[in-house]
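Please take these sequences and the hints and turn them into a complete structure.
Using numbering that gives the first Met the number 0, the letters of the sequence shown correspond one by one to residues 0 to 591.
Note that these hints are calculated values from the structure, not bench results.
Check each hint, because a few of them may be wrong.
Computed cross-link-like contacts, EDC-like style, restricted to lysine to aspartate or glutamate with a CA-CA straight-line distance of at most 16 Å [to be verified]:
(1) Lys565 with Asp533
(2) Lys313 with Asp63
(3) Lys86 with Glu61
(4) Lys228 with Glu294
(5) Lys88 with Asp113
(6) Lys564 with Asp545
(7) Lys460 with Asp383
(8) Lys258 with Glu282
(9) Lys411 with Asp395
(10) Lys565 with Asp368
(11) Lys349 with Glu294
(12) Lys53 with Asp93
(13) Lys556 with Asp533
(14) Lys564 with Glu589
(15) Lys50 with Asp113
(16) Lys299 with Glu240
(17) Lys52 with Glu173
(18) Lys52 with Asp113
(19) Lys297 with Asp368
(20) Lys475 with Glu182
(21) Lys52 with Glu174
(22) Lys388 with Glu403
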Amino acid sequence: MKKASEAFSELEFNTLLERLKKLTPEAEKEAHFEPSYKESSFEQISTELKKAKKVALNFIRESDEINSILLSFGDSVHVLEAAELEKIKPYLEDKKLKKLTFDSKPLIFALRFDEIRLAGVSFDVQLGAYLLQPTRTNYTASDLGFRYLKLYIGEGQDSFRQAIIDCYLAYHLEEPLTKKLTEGKLEKVYNELELPLSPVLAAMEYRGIGINKEELKTYSNELAQMINKLEEEIYRLAGEEFNINSPSQLSSILFEKLKLKPVKKTKTGYSTDSTVLAKLINEHPIIENMINYRELAKIKSTYVDALPKMVNPKTKRLHTTFNQTVTATGRLSSSNPNLQNIPIRTDIGKRIRKAFVPARATDLLLVADYSQIELRVLAHLSKDETLTKAFEEHKDVHQATAAEVFGLPVNKVSEEARRKAKAVNFGIVYGISSFGLAQQLQIDAKEAATYIEMYFNRYPKVKSFIDRTVSDAYKKEFVKTLYGRCRQLPELKSNDVRIRNFGERSAINSVIQGSAADIIKQAMINVENALFTDDLMSRMVLQVHDELIFEAMALEKSALSSLVKKQMESAYVLHPSLEVNISTGPNWLEAK
Numbered sequence: 000m001k002k003a004s005e006a007f008s009e010l011e012f013n014t015l016l017e018r019l020k021k022l023t024p025e026a027e028k029e030a031h032f033e034p035s036y037k038e039s040s041f042e043q044i045s046t047e048l049k050k051a052k053k054v055a056l057n058f059i060r061e062s063d064e065i066n067s068i069l070l071s072f073g074d075s076v077h078v079l080e081a082a083e084l085e086k087i088k089p090y091l092e093d094k095k096l097k098k099l100t101f102d103s104k105p106l107i108f109a110l111r112f113d114e115i116r117l118a119g120v121s122f123d124v125q126l127g128a129y130l131l132q133p134t135r136t137n138y139t140a141s142d143l144g145f146r147y148l149k150l151y152i153g154e155g156q157d158s159f160r161q162a163i164i165d166c167y168l169a170y171h172l173e174e175p176l177t178k179k180l181t182e183g184k185l186e187k188v189y190n191e192l193e194l195p196l197s198p199v200l201a202a203m204e205y206r207g208i209g210i211n212k213e214e215l216k217t218y219s220n221e222l223a224q225m226i227n228k229l230e231e232e233i234y235r236l237a238g239e240e241f242n243i244n245s246p247s248q249l250s251s252i253l254f255e256k257l258k259l260k261p262v263k264k265t266k267t268g269y270s271t272d273s274t275v276l277a278k279l280i281n282e283h284p285i286i287e288n289m290i291n292y293r294e295l296a297k298i299k300s301t302y303v304d305a306l307p308k309m310v311n312p313k314t315k316r317l318h319t320t321f322n323q324t325v326t327a328t329g330r331l332s333s334s335n336p337n338l339q340n341i342p343i344r345t346d347i348g349k350r351i352r353k354a355f356v357p358a359r360a361t362d363l364l365l366v367a368d369y370s371q372i373e374l375r376v377l378a379h380l381s382k383d384e385t386l387t388k389a390f391e392e393h394k395d396v397h398q399a400t401a402a403e404v405f406g407l408p409v410n411k412v413s414e415e416a417r418r419k420a421k422a423v424n425f426g427i428v429y430g431i432s433s434f435g436l437a438q439q440l441q442i443d444a445k446e447a448a449t450y451i452e453m454y455f456n457r458y459p460k461v462k463s464f465i466d467r468t469v470s471d472a473y474k475k476e477f478v479k480t481l482y483g484r485c486r487q488l489p490e491l492k493s494n495d496v497r498i499r500n501f502g503e504r505s506a507i508n509s510v511i512q513g514s515a516a517d518i519i520k521q522a523m524i525n526v527e528n529a530l531f532t533d534d535l536m537s538r539m540v541l542q543v544h545d546e547l548i549f550e551a552m553a554l555e556k557s558a559l560s561s562l563v564k565k566q567m568e569s570a571y572v573l574h575p576s577l578e579v580n581i582s583t584g585p586n587w588l589e590a591k
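In structure tokens, the structure reads:
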């Protein structure tokens, strides 16, 4: 029974795990595990708080307001009223008193509204669990309590009980998780990167960024007109009106009425998804109109119409949430809204960025963008002289690659050749197959395989690095980044060749993209500290892909540019060295 429970937990079979709990002799007792708690006042715990070396901390919140303060010294959880916050403030801001948390960032964020700077956070359960198993989809109290403490905690707790449980676990999970982090040699990435990054992200979330609602309203009207014109053209080409947003009706028009050749069949009929439309692009003019229609409709509904509704009514700013424990590679993601997915390949998508503005019209947005950071990491790790030289000589790396691969003088490289070289460059970073490259470039797999072979002929040490990385991954069943971030690769043990191929691609991608992500995180920590050390008023507000975005006072433009460039380029010593491009403007679009 114990082995089955551990296996279900490992595989994240949460429903089966819950059922299994009910089959054990002590099921009722175990499934309803709850730590003891008691309502306390500051006076009742002050003696223990004064002599404590560490304390677990949590809050019960409603929106941005703290309703109750939870503290634990190990045995039980003390529940204090929010009115006691001012009395506890000196302890919260005391660096010497270690704070143990289940998820520190929301706590740091919440305290900012009460002008309290939480200090001394020495442990964060979710960050530790994430570093140990970065491919898991969640890090719940129920899962972690069972995995490390063999405590059966039922799912679906109400918010009060969940907060109590999280506080209790924050104290008791410190020891087993710290031990595991030490065994995995993950202390550096935990203590020097992820833990100090949390308050930086919390501060950025708290600051938010300005949104020009009028700009979005204007753009929404423009998009509506463009969409209406596309609808009319689609109806004309179809010879009738129909529900364009209905896959079944569109399928009927394309494959029955217009007699186009179906590409893929699903349970409900012939597919009309984006991959299918891309393959049919040259078969009928209605297809290009459909692709454009979908792009505009998505941009309008997902961003242009949605962003104004997400603006905080109190601050009048947009406050995204940065997620530290989501991606397997270590990259940050964001939600509400997801800024990583704002389309930037077309002018229509880029226009959204025009609505992101500084709080005051006299201020600027400063954008600091790492130049080809992942390809620089690849050059550093592979030690390929040709690739490294291209960066050292400040060449357009995609143009240089095209010249190398296609045997052309640099001045003879066409835009088409550069586009193909760019796809190969980034394809190598992501461990792309010839099939994947063929789909991306819309060429046959044989031609794509030839491009990859030609690439490796010109960059032989890149090929050696990839082969070595994959070979080591098979032996160790994991890979590590430059900072020591680890990703397990159980896929490499699969009998299914497709799953093994995915594991091989993940091995390459995790090392390169993960190392780049670590460098960006280090840069964010360094920049944030430097801004305060140099007593600048400008602030970092967003991180998107390889960019850091700052709300800059116009008078600090020069000083901020120098500070940011210096800190970002010195975040890690690469060969070839890191390079950062700085630009400014009245909005995010014009700062690019």
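Tested hints:
1. Lys565 with Asp533: holds, 13 Å
2. Lys313 with Asp63: holds, 11 Å
3. Lys86 with Glu61: Not OK: Lys86 and Glu61 at ~21 Å, beyond 16 Å, violated.
4. Lys228 with Glu294: Given pair Lys228, Glu294 holds - Cα atoms ~14 Å apart, limit 16 Å.
5. Lys88 with Asp113: holds, 10 Å
6. Lys564 with Asp545: The hint holds at about 13 Å.
7. Lys460 with Asp383: holds, 5 Å
8. Lys258 with Glu282: Holds: Lys258 and Glu282 sit about 10 Å apart, inside 16 Å.
9. Lys411 with Asp395: holds, 14 Å
10. Lys565 with Asp368: It holds: about 13 Å lies between the C-alpha atoms, which stays within 16 Å.
11. Lys349 with Glu294: Holds: Lys349 and Glu294 sit about 13 Å apart, inside 16 Å.
12. Lys53 with Asp93: Satisfied, since the Cα-Cα distance of roughly 11 Å is no more than 16 Å.
13. Lys556 with Asp533: holds, 14 Å
14. Lys564 with Glu589: violated, 19 Å
15. Lys50 with Asp113: Violated: Lys50 and Asp113 sit about 25 Å apart, past 16 Å.
16. Lys299 with Glu240: Roughly 22 Å separates the two Cα atoms, so the pair is violated.
17. Lys52 with Glu173: Cα-Cα ~14 Å, so holds.
18. Lys52 with Asp113: Status violated; Cα separation ~24 Å.
19. Lys297 with Asp368: violated, 27 Å
20. Lys475 with Glu182: Holds. Lys475 to Glu182 sits at ~15 Å (cutoff 16 Å).
21. Lys52 with Glu174: holds, 15 Å
22. Lys388 with Glu403: holds, 12 Å
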